[in-house]
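J.: Chains as they are written, first to last, in numbering that gives the first Met the number 0: chain A, 0 to 101; chain B, 0 to 314.
Worth flagging that the hints you see were computed from the coordinates, not collected in a lab. Incorrect hints may have been included.
[To be verified] Once the Cα atoms are required to be at most 25 Å apart in a straight line, the calculated SDA-like pairs of lysine to any residue come out as:
#1 B:Lys274 - A:Thr92
#2 B:Lys271 - B:Tyr307
#3 A:Lys56 - B:Leu10
#4 A:Lys93 - B:Leu10
#5 B:Lys1 - A:Ile45
#6 B:Lys204 - B:Lys274
#7 A:Lys93 - B:Tyr307
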Amino acid sequence: MSLPKVHEIPIGGIITEPGSSRRNLTGGWRSLKPIIHDDRCIRCRICWMYCPEGTIKETKGEFVVKGRKYQYKYEIDYNYCKGCGICAHECPTKAIEMVPEA
Amino acid sequence: MKVVYKAIWDLPVEELFASGHRACAGCGPAIAMRWITKTAGPNTVVVNATGCMEVTTTQYPETAWMVPYLHVAFENAAAAASGVDSAIRVTSKKGLWRSGKTNVIVIAGDGGTYDIGLQSLSGMLERGHHVLYILYDNEAYMNTGIQRSGGTPRYAWTTTTPVGRAIRGKIQAKKDIMGIVMAHRVPYAATASISNIIDMSNKIKTALEYTEEGPTFLHIMAPCPPGWRFPEERTVEAARLAVETGYFPLYEYDHGKIRLNPPTSNMVADPKRRKPLREFLKFQGRFAHLTDAEIGELEKEVVANLEYLAKLASL
Ligand code: SF4
Ligand code: SF4
Numbered sequence: 000m001s002l003p004k005v006h007e008i009p010i011g012g013i014i015t016e017p018g019s020s021r022r023n024l025t026g027g028w029r030s031l032k033p034i035i036h037d038d039r040c041i042r043c044r045i046c047w048m049y050c051p052e053g054t055i056k057e058t059k060g061e062f063v064v065k066g067r068k069y070q071y072k073y074e075i076d077y078n079y080c081k082g083c084g085i086c087a088h089e090c091p092t093k094a095i096e097m098v099p100e101a
Numbered sequence: 000m001k002v003v004y005k006a007i008w009d010l011p012v013e014e015l016f017a018s019g020h021r022a023c024a025g026c027g028p029a030i031a032m033r034w035i036t037k038t039a040g041p042n043t044v045v046v047n048a049t050g051c052m053e054v055t056t057t058q059y060p061e062t063a064w065m066v067p068y069l070h071v072a073f074e075n076a077a078a079a080a081s082g083v084d085s086a087i088r089v090t091s092k093k094g095l096w097r098s099g100k101t102n103v104i105v106i107a108g109d110g111g112t113y114d115i116g117l118q119s120l121s122g123m124l125e126r127g128h129h130v131l132y133i134l135y136d137n138e139a140y141m142n143t144g145i146q147r148s149g150g151t152p153r154y155a156w157t158t159t160t161p162v163g164r165a166i167r168g169k170i171q172a173k174k175d176i177m178g179i180v181m182a183h184r185v186p187y188a189a190t191a192s193i194s195n196i197i198d199m200s201n202k203i204k205t206a207l208e209y210t211e212e213g214p215t216f217l218h219i220m221a222p223c224p225p226g227w228r229f230p231e232e233r234t235v236e237a238a239r240l241a242v243e244t245g246y247f248p249l250y251e252y253d254h255g256k257i258r259l260n261p262p263t264s265n266m267v268a269d270p271k272r273r274k275p276l277r278e279f280l281k282f283q284g285r286f287a288h289l290t291d292a293e294i295g296e297l298e299k300e301v302v303a304n305l306e307y308l309a310k311l312a313s314l
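Next up, chain A with everything else stripped away, as it sits in the complex (with noise of 0.2 Å):
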């Protein structure tokens, strides 16, 4: 990370940058990792709806999978990922497991 340089600050303590905390790659917090089983999802927005990071994204369009068509799909940004597990706690189909960090 390269610093700014100090008359590039604006003064005040303003931040100029909304949403600029991406920078901040939190995924390394994790210890376990949590992979999502396409198979079992029943694309019910659980997950996607409780994660405190708003990293499970969810994609619209048209996803077969064993021969069952769904609308939207549910995947992981573990660029922020910290690995709370609540997904996978709260995943009414057990779809989602918890996995050591390599």
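Mind docking chain B with the ligands on chain A? Use the hints.
T.: Same frame as chain A, now just chain B with the ligands:
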């Protein structure tokens, strides 16, 4: 409450609380922040008291907020928000405010609300500012190292209410903050829980709409894994059990009328539908020292509180 969202698929998609914030893994308040910003939308000014959600979201020179955001101090979030509201009103009158109806939301923890910010909250409510004040309650000063607050429940262990021979955790009961707010006769106040997102989002929408008339208030239950001493995957479950055991009742105060919301209304109608308080207490390290007699005592307080609320609701 106005039902804007009927089911999980109606909930807003746009994220206005960015990833990369430094809240602990499994943070309950972070779930609340995501849904407050998503529900309120981009035309919102957030005024944040000092607390977990300020410290972890705005580590200079970065911020997780994607709406205009102001932090001043612990004790004056409501006062600063009063100023923001007044500025918007005056510039609107002069035709200089070009953003239409802008929401002004205070976000403060239990320390910033029950204790340090109480006088500025009372002043804001009394003056009738058009502000929604949201208290996210994790029941102690958590980011400074788990010190007791006016929102900490009786018998809970904290670093300033240790468990030993002389005392058994916090001596005093949790303050009735909703009672204090309702005594200001505001248009709307409600409790909500991060486990019941649809209910919570509808209450945020309702409260924002009523700010047209005056100040509104939300009290959100937001468990803290390190402070309550439980594994971080159980945050949502902890909030759910707080509601289902009657420890944290869901209700609203709408223009002088109190209404209990499900599942609290169900357990008041039929006490068998309330889960034993032990289920909420047993996996939390902060209550690990409790004896059966002490749990019984707390359970009596829970039942008495539900009866009290049921009486208020019948008025
Ligand atoms: S909670 Fe489980 S079933 Fe529901 S969308 Fe997420 S992975 Fe799929
Ligand atoms: S483990 Fe926690 S942070 Fe990671 S995706 Fe699941 S809920 Fe989100």
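J.: Does each hint fit the structure? Answer for all of them.
T.: Hint check results:
| no. | hint | result |
| --- | --- | --- |
| 1 | B:Lys274 - A:Thr92 | holds, 24 Å |
| 2 | B:Lys271 - B:Tyr307 | holds, 18 Å |
| 3 | A:Lys56 - B:Leu10 | holds, 15 Å |
| 4 | A:Lys93 - B:Leu10 | holds, 23 Å |
| 5 | B:Lys1 - A:Ile45 | holds, 23 Å |
| 6 | B:Lys204 - B:Lys274 | violated, 30 Å |
| 7 | A:Lys93 - B:Tyr307 | violated, 40 Å |
In this structure, the earlier hints numbered 6 and 7 are contradicted, and the remaining ones agree with it.
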